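Participant: Residue strings, one per chain:
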Amino acid sequence: MSNGDPLLEVSHLVKHFPIKSGILLEREVARVHAVDDVSLTLHEGETLGLVGESGCGKSTLCRAILQLIRPTAGSVKFQGEELVGRSRKELQPLRREMQMIFQDPFASLNPRKRVGQIVGDPLRLHGLASGDALKRRVQELLDRVGLSGEHYNRFPHEFSGGQRQRIGIARALALQPKLIIADEPVSALDVSIQAQIINLLEDLQDEFGLAYVFVAHDLGVVRHVSDRVAVMYLGKIVETSPGAGLYERPIHPYSTALLSAVPIPDPEENREREPLVLDGDVPSPVDPPSGCRFHTRCPWATDVCSELEPPLVNYGSGRLAACHHPLNLKRGALSKATISEESPAGAADALPSEPGKADLPVGA
Amino acid sequence: MSPRATASGPLLSVKDLEVGFATEDGLLKAVDGVSFELARGEVLGIVGESGCGKSVTAQTVMGLTRSSNARISGSVEFNGADLIEASDDDLRKVRGESIAMIFQDPMTSLNPVYKVGKQIAEQILAHRDVSDKEARDRAIELLRDVGIPHPERRIDDYPYEYSGGMRQRAMVAMALSLEPEVLIADEPTTALDVTIQAQILTLIEQLNRDRDLAVVLITHDLGVVAEVADRVQVMYAGQVVERGTLDEIFYDPQHPYTWGLLGSLTRLDRPRPKRLPQIAGQPPSLLSPPGGCRFRPRCPHAFEQCAELPSLEGRLGKRSEHADRCWLQPKEKESRRSVDGRIGLGAPAA
Amino acid sequence: MGRFIAKRLVGMVGVLFAISVIVFLIFNVIPNSDPAARIAGKNADAELIARVNDDLGLNDPLPVQYVTLMKEIFTGQLTSYSSDLNVDEQIREGIPATMSLCIGAAIIWMAFAIVFGYLSAVRAGGKLDTMLTVLALIGISLPVFWLAAILLYYLSFRVQLFPTGGYVPLTEDPAQWAYHLLLPWITLAVLFIGFYSRLLRSSMLDVMNEDYVRTARAKGLSERQVRTRHVLRNSLIPIVTLFGLDFGAVVGGGAILTETVFNINGVGLYAGEAIGSLDLPPLMAVTMFGAFFIVLFNTIVDILYAYLDPRIRLGSSAV
Chain A
43 MSNGDPLLEV
53 SHLVKHFPIK
63 SGILLEREVA
73 RVHAVDDVSL
83 TLHEGETLGL
93 VGESGCGKST
103 LCRAILQLIR
113 PTAGSVKFQG
123 EELVGRSRKE
133 LQPLRREMQM
143 IFQDPFASLN
153 PRKRVGQIVG
163 DPLRLHGLAS
173 GDALKRRVQE
183 LLDRVGLSGE
193 HYNRFPHEFS
203 GGQRQRIGIA
213 RALALQPKLI
223 IADEPVSALD
233 VSIQAQIINL
243 LEDLQDEFGL
253 AYVFVAHDLG
263 VVRHVSDRVA
273 VMYLGKIVET
283 SPGAGLYERP
293 IHPYSTALLS
303 AVPIPDPEEN
313 REREPLVLDG
323 DVPSPVDPPS
333 GCRFHTRCPW
343 ATDVCSELEP
353 PLVNYGSGRL
363 AACHHPLNLK
373 RGALSKATIS
383 EESPAGAADA
393 LPSEPGKADL
403 PVGA
Chain B
227 MSPRATASGP
237 LLSVKDLEVG
247 FATEDGLLKA
257 VDGVSFELAR
267 GEVLGIVGES
277 GCGKSVTAQT
287 VMGLTRSSNA
297 RISGSVEFNG
307 ADLIEASDDD
317 LRKVRGESIA
327 MIFQDPMTSL
337 NPVYKVGKQI
347 AEQILAHRDV
357 SDKEARDRAI
367 ELLRDVGIPH
377 PERRIDDYPY
387 EYSGGMRQRA
397 MVAMALSLEP
407 EVLIADEPTT
417 ALDVTIQAQI
427 LTLIEQLNRD
437 RDLAVVLITH
447 DLGVVAEVAD
457 RVQVMYAGQV
467 VERGTLDEIF
477 YDPQHPYTWG
487 LLGSLTRLDR
497 PRPKRLPQIA
507 GQPPSLLSPP
517 GGCRFRPRCP
527 HAFEQCAELP
537 SLEGRLGKRS
547 EHADRCWLQP
557 KEKESRRSVD
567 GRIGLGAPAA
Chain C
686 MGRFIAKRLV
696 GMVGVLFAIS
706 VIVFLIFNVI
716 PNSDPAARIA
726 GKNADAELIA
736 RVNDDLGLND
746 PLPVQYVTLM
756 KEIFTGQLTS
766 YSSDLNVDEQ
776 IREGIPATMS
786 LCIGAAIIWM
796 AFAIVFGYLS
806 AVRAGGKLDT
816 MLTVLALIGI
826 SLPVFWLAAI
836 LLYYLSFRVQ
846 LFPTGGYVPL
856 TEDPAQWAYH
866 LLLPWITLAV
876 LFIGFYSRLL
886 RSSMLDVMNE
896 DYVRTARAKG
906 LSERQVRTRH
916 VLRNSLIPIV
926 TLFGLDFGAV
936 VGGGAILTET
946 VFNINGVGLY
956 AGEAIGSLDL
966 PPLMAVTMFG
976 AFFIVLFNTI
986 VDILYAYLDP
996 RIRLGSSAV
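Protein chains in written order, with this note's numbering: chain A, 43 to 406; chain B, 227 to 576; chain C, 686 to 1004.
Honestly, the hints are just simulated from the structure, not real lab data. Quick caveat, the model's predicted, so the values are computed rather than measured. For each residue, glycine too, the CB sits at the ideal point set by N, CA and C. Among these hints, one or two may not hold up.
Said to hold, decoys possible - Partial pick of chain A residues on the chain B-facing surface, computed with a CB cut under 8 Å:
(1) ASP232
(2) SER234
(3) HIS259
(4) LEU261
(5) PRO284
(6) GLY287
(7) GLU290
(8) ALA303
(9) GLU311
(10) GLU314
(11) PRO325
(12) VAL328
(13) ASN356
Claimed, not checked - SDA-like mimics (lysine to any residue), calculated; alpha carbons at most 25 Å apart, straight line:
(14) C/LYS692 x A/ARG69
(15) B/LYS557 x C/GLN750
(16) B/LYS500 x A/ARG291
(17) B/LYS319 x C/TYR990
(18) B/LYS341 x C/LYS812
(19) C/LYS812 x B/ASP251
(20) B/LYS344 x C/LEU917
(21) A/LYS62 x C/TYR990
(22) B/LYS500 x A/GLY360
(23) B/LYS500 x A/ARG69
(24) B/LYS319 x C/VAL925
(25) B/LYS500 x A/VAL304
(26) B/LYS341 x C/ARG914
(27) C/LYS812 x B/PHE247
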């Protein structure tokens, strides 16, 4: 099955939300730069983790990939077929192969429908099963996600948060998709339940060869599930790396800061380390900073950072980062680096001249 | 970490606290016999998952759970005065003045229709005989203390004009306005992004260090606890299942639920396991909790004796406050937990 | 804020225009509404009807008729088909009485609604709450004309405590003014007291569960401060919205029944008569008058709402 072609190929995807104002005629006065020239690829059976803080555009990106909202520009190819610009009807057959799991298991299930209906509806609507066959299939699905066939006639409110998330997963699985986009699927759950759901998602991936785009703000969860991780900041991808690489030697200062901010559940290590605490808040996506969007909060920033947008540079072994002063690079990595095809159109075309100093004293 | 002051007994002492709520389906016992002491300048972490009773415990200390359908018993002593039996008026004098509280969601914890400065000044005016101008000046000073830039301007903003992190800072400023002795922080960073969480935790640590402020930190996040707490108590289904110093809980945990919690974390500081150790099943209903040990239905180590509820007591035979509710022999626990989770891996026992 | 108000005012003009067109068209299609036939009398011949039609400009195309009518309304030259009286003057004469009735009733209804709603919410589930609930339900269920008739019969005919109707201008004799209006005020207010007190009660119960109310308690505010500054103030936001709409509706036509029963010479009574005789000019003018108030109060409410809830002010802020 698996060949060289990616399952999902997103290139230079842009989603801006206009802000309108006016007395008689509304005209656009500003735009929210929610997703700004983002490219990513995903292969069959692979998990891409997408991390970033609230407002970084990760949820918008997910919805724009699935065409739940229309992208402003760019392309999304699924199994080689272009999705952008297709009508609702033309998207219908491809929708079966791409499913979504949501954060809030309380809000994403219709409270007036029974579990059997919720899970069975996709099958019925696509005309894939009916009658007894439908019921059997739904019961199989419920079994598979760790619920029981007896739950068929119950309502969502009778279930706990973790169980509801299982229902959501069963619904997403019903059409045997190839791709599941999971938007913060475990953020609303307790730790012990989180582990159950993460394990379930991994088992399902092995069994059905699913590819995941796994969105989360919890870096630990993302590391655990992802093959590759993309870090977003204010609508841009600032770094993409294989999981291990990102967590051990982050290139972008924002990745470094994010990792450093995660509290470590180990008292000794906590006493020893001096976390890098970023100042201030994420700037508004309505009027993002010039040059590198992170320069307003970056302890390593220099003049060039506010003037030129750094290109997304390929440092080899699948590691891409957009920074004028990349950190944690191996000797010689800079000389072999090239500008990636995924680099945003507006970015500078000069490679970083020298690596940044990882041990910059912070706390000023 | 701040030294634990032991000068004149505990600042806050909770004994056998029970809180039940009458519901249509019966009595929901949210807190079932919780006791703890808090010394001056100490940070106590209360850890547990949703519904374990940690927030209800904290709110009951402040008398915030008082209502016609609440059944509260036990004692809460603050500086020797009982707060459970206290009149509403006496309690009101303690709230904000001696014990202050910040909450999980800074978005909803500030009243959207009043300016931030006014909400801070309101607390000062409720307790002190000062002019509006003095209260306002104090509010500006407080906002500056907690790191709000341009406080003399931002004081006239409405809460919606603040970011999430700034709102939590404003809540902290409000809590500090009367220089309380105890700060109860109920999941203060859960709704915030990691980089903002780091800012707020640093702020709480600073206040604890610089002002000798005692803190009760309620959280579900063991990482947060490890960062700021001196002592920890772990709650499950309305009861404390384990209590000890930070190191005792993290490096020598005694209760299988604590093992499960530590084990199911996705940790950045450890090698990635093939499969996450998980705790099976769901937490029990508090309307009809299981007999015996409450964790028994989910515990992989349960045996006959667990049908009887173990008391919370020191079982290690040493002069330590490390206590737990588990019948297993300490020796047996050591061997079981290393198989069960990834406890103590790579770090020395304290 | 200036833009916001300007935007609302432009919208208001649009809505009024649409309403006037719709009323005009409806009048022209309802059966039996041909004014010429009625003015000319029962045995009029075709010629007479034609002459009347011509006099009234009814032979012009509809758009021309509409423009003429509107021009007359705004220049104050509109006269009634049936009585030859100037319509604008009639309405202007009715305004003091209608306003006295409506404003007085509104003050009574809001004052009682706030007191009853507040007490109900604070004592939710208690005896007082149950009693107020029953009273509110009775108030909501009483038909206005029936209540008016009962009050008149018992308090004016049987006991003769109150006058049986009529209106005394405020400038003439304030005491008599209030004395004459007391029963109409009560009649008009009862329904709203019931409705608004229930609304405030549920709004307050919702707000009591808000996190910021818990914060207010944790600050050490007294229970009364918590209830008035935080609970009541925030609960009133939805109520004020509705009040604006309802007040506009009462002035704009809701007082017709009360004015009719108590024989108050207001705009409502005039409207009632115009409806009875299918007289287009006054009907049109009264409708515009009513619509104007409804739309005006809608606008005031929006502006007031922005004042009460600062989050509205910026409107289209970033996601």
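Participant: All hints, please: hold or fail.
Facilitator: Structure-based check of all given hints:
no.	hint	in the structure
1	ASP232	holds (4 Å)
2	SER234	holds (4 Å)
3	HIS259	holds (6 Å)
4	LEU261	holds (6 Å)
5	PRO284	violated (12 Å)
6	GLY287	violated (13 Å)
7	GLU290	violated (10 Å)
8	ALA303	holds (4 Å)
9	GLU311	holds (6 Å)
10	GLU314	violated (11 Å)
11	PRO325	violated (10 Å)
12	VAL328	violated (14 Å)
13	ASN356	violated (25 Å)
14	C/LYS692 x A/ARG69	holds (13 Å)
15	B/LYS557 x C/GLN750	violated (101 Å)
16	B/LYS500 x A/ARG291	holds (21 Å)
17	B/LYS319 x C/TYR990	violated (35 Å)
18	B/LYS341 x C/LYS812	violated (38 Å)
19	C/LYS812 x B/ASP251	holds (24 Å)
20	B/LYS344 x C/LEU917	holds (17 Å)
21	A/LYS62 x C/TYR990	holds (21 Å)
22	B/LYS500 x A/GLY360	holds (22 Å)
23	B/LYS500 x A/ARG69	violated (54 Å)
24	B/LYS319 x C/VAL925	violated (34 Å)
25	B/LYS500 x A/VAL304	holds (22 Å)
26	B/LYS341 x C/ARG914	holds (13 Å)
27	C/LYS812 x B/PHE247	holds (22 Å)
Violated hints for the displayed structure, listed by number in ascending order: 5, 6, 7, 10, 11, 12, 13, 15, 17, 18, 23 and 24.
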